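Please build the complete structure, drawing on both the sequences and the hints.
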Amino acid sequence: MIFTFTYYVTVLTAIIGGSAQFYTYDVINPAQVTLIKWLNQTYISRNELKTEAELNMIWSMTVSCIAVGAIFGALSTKLGRRNGLIFNGIFNVIGALMVYNAKLLSSPEILVIGRVILGVNMGVTSGLVPMYLMEITPTKYRGSAGTCHMVAVAFSDWFSMLMALPEIFGGENTWPIAFGFPGITALLLCCILPFCPESPKFSLLIKQDRVTTLNDIGKLVDIHEGQKMYEELIKERGNNLDNNGKMSLSYLFKSKELRMPLIICVWVMVAQQFTGAAAIFAYSTNMFLNAGLEPKSARFSTLGIGIMYFLFACSSVHLIELKGRRALSFFQLSTVTVSLIAMSIFTWAQEYTKLASYGAIISLLAYMCGYGIGSPIPWMISSEIFPTRYRSSAVTVSITVSWSLVFIISLLYLPFKEWVGISASYLPFIIVSAISTCFRQRNRHTNEIAQDIQFRSDTIRRYSLNILPSIGSSMGISPSNDASEDIRLNENLIPRTKSFNSPSTPTYKYSSFSFTPPGENDENFLSKFWGRKR
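Quick note on numbering: the sequence shown equals residues 1 to 534 in the numbering used here.
Errors might be hidden in some of the hints.
Claimed, not checked - Below, in silico cross-link-like pairs of lysine to any residue (SDA-like), each with a Cα-Cα straight-line distance of 20 Å or less:
1) Lys-235 / Val-211
2) Lys-37 / Glu-109
3) Lys-354 / Gly-421
4) Lys-103 / Ser-60
5) Lys-354 / Ser-301
6) Lys-296 / Glu-109
7) Lys-417 / Ala-342
8) Lys-354 / Ala-342
9) Lys-417 / Glu-351
10) Lys-417 / Ile-36
11) Lys-50 / Leu-411
12) Lys-103 / Thr-34
13) Lys-219 / Arg-142
14) Lys-219 / Pro-138
15) Lys-228 / Tyr-141
16) Lys-296 / Glu-172
17) Lys-354 / Ile-422
18) Lys-254 / Trp-267
19) Lys-256 / Thr-396
20) Lys-219 / Glu-231
21) Lys-417 / Val-432
22) Lys-37 / Ser-144
23) Lys-37 / Ser-107
24) Lys-354 / Ala-424
25) Lys-228 / Ser-144
26) Lys-417 / Leu-289
27) Lys-219 / Tyr-8
28) Lys-37 / Leu-165
Think of the hints as simulated: they come from the structure by calculation, not from any bench.
Keep in mind it's a predicted model, so treat the numbers as computed, not measured.
In structure tokens form, the structure reads like this:
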């Protein structure tokens, strides 16, 4: 068996206690009528009468405030992997307690603050969980591991819609239970994850701890996969530009070789959010009411689209490796574009025929099918096409962009809809989705892009070796054409490089960053270290 029991426990804990925290974003949707009624009654008890427009704006702020916290949370991806998730779980428990007690304290302000704190949790989660899952998984299975994050997100979406139904825990007296539920799963994560291994890649490339790395790998996979993971990490560590493998945000923006990968990461996030998903997840109940459904039917229809999203997100686990990222992304964007156009047409036609309402509902269901299949891809791109030394900064940028757009869209959609009308409110999403569908990345696998980045870095370092003969005497170094000879340079001068061997160019080798003594790459050594037999 490739994976150990510990690996499965780690993955389940991360997705239940981390990925499933996206529950918080959608739980407010089915409870819209109940929450607006509570907000109105609370302000009346304070002798503060609010107009319908003011209540809609307060409601929009209550919905979108979670994205504000998520923006700041996205900037905190440098906490580490496992320990960052544990620390993040504590924030979740605090936020859950606040939203749970908001009704008891008759304080909409406490509800908003609690959702902002939960938003910080979501921002950290959206970066750390997929990164953690992909780093504890062998390369061959990383696509599926990264997809598990979005499957858990999709599950939490429909589960939150179920919990927030008035018939379950979304009633006037029970909605605090639905809103505070994430604190339970976060507490579970805080109790279990400390006993799970850290990301081997983080332990080796960031913490520089070889022993911990070997222990982590041994807890996750069998000896054969363990050896492959270990060798890949050694190779990647040798290619790092500096001692700790980190790169600043400023370098990420200044580097020409990283410009196109960064544009790709940001663009796929923009394309994802401008499909209108944030507005639909936040206000689908309102959309169904506009389609002519009764409040109860609208709530159950919202639950239905959540289930559709979950089912099609599950299918992406297998399709993403079978068909590829680019094909699924193209299918998602094209399906979403057509569905949005149909929704706009049918909502406009509702004024003339009642049958158009059914067309709007079917279009929304088709939208969810298409969106669910491609939804994991943007969250995986940054972790796949950037080497470890750039990864944390790249994830920070892409996720900050994503949550900033979620905040803007969820805050402004209702006022925009009131201004231009229901059918026209979909036009910005249609335009951006159509452009994104036509925007075609060259038919390259994400690994090829990552290798291209590494090749450019290696080329620069190789050219730097050509000047060594002229300065070698001052450094006490002599050239050698013997590829087996080990010439050690000053650790502070030149990072480790691959040997550059050509008839006219001396070969210089550097291994000061290499921590692998003779024989430690051998499977027998790894078996002995992990206490296993081949």
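Quick rundown of the hints versus the structure:
no. : hint              : result
1   : Lys-235 / Val-211 : holds, 17 Å
2   : Lys-37 / Glu-109  : holds, 16 Å
3   : Lys-354 / Gly-421 : holds, 18 Å
4   : Lys-103 / Ser-60  : holds, 18 Å
5   : Lys-354 / Ser-301 : holds, 17 Å
6   : Lys-296 / Glu-109 : violated, 28 Å
7   : Lys-417 / Ala-342 : holds, 17 Å
8   : Lys-354 / Ala-342 : holds, 15 Å
9   : Lys-417 / Glu-351 : holds, 16 Å
10  : Lys-417 / Ile-36  : holds, 18 Å
11  : Lys-50 / Leu-411  : holds, 18 Å
12  : Lys-103 / Thr-34  : holds, 12 Å
13  : Lys-219 / Arg-142 : holds, 17 Å
14  : Lys-219 / Pro-138 : holds, 13 Å
15  : Lys-228 / Tyr-141 : holds, 13 Å
16  : Lys-296 / Glu-172 : holds, 15 Å
17  : Lys-354 / Ile-422 : holds, 16 Å
18  : Lys-254 / Trp-267 : holds, 18 Å
19  : Lys-256 / Thr-396 : holds, 19 Å
20  : Lys-219 / Glu-231 : holds, 17 Å
21  : Lys-417 / Val-432 : holds, 17 Å
22  : Lys-37 / Ser-144  : violated, 43 Å
23  : Lys-37 / Ser-107  : holds, 14 Å
24  : Lys-354 / Ala-424 : holds, 19 Å
25  : Lys-228 / Ser-144 : holds, 18 Å
26  : Lys-417 / Leu-289 : holds, 14 Å
27  : Lys-219 / Tyr-8   : holds, 11 Å
28  : Lys-37 / Leu-165  : holds, 15 Å
Figure legend: structure checked against the earlier numbered hints; hints not met, in rising order: 6 and 22.
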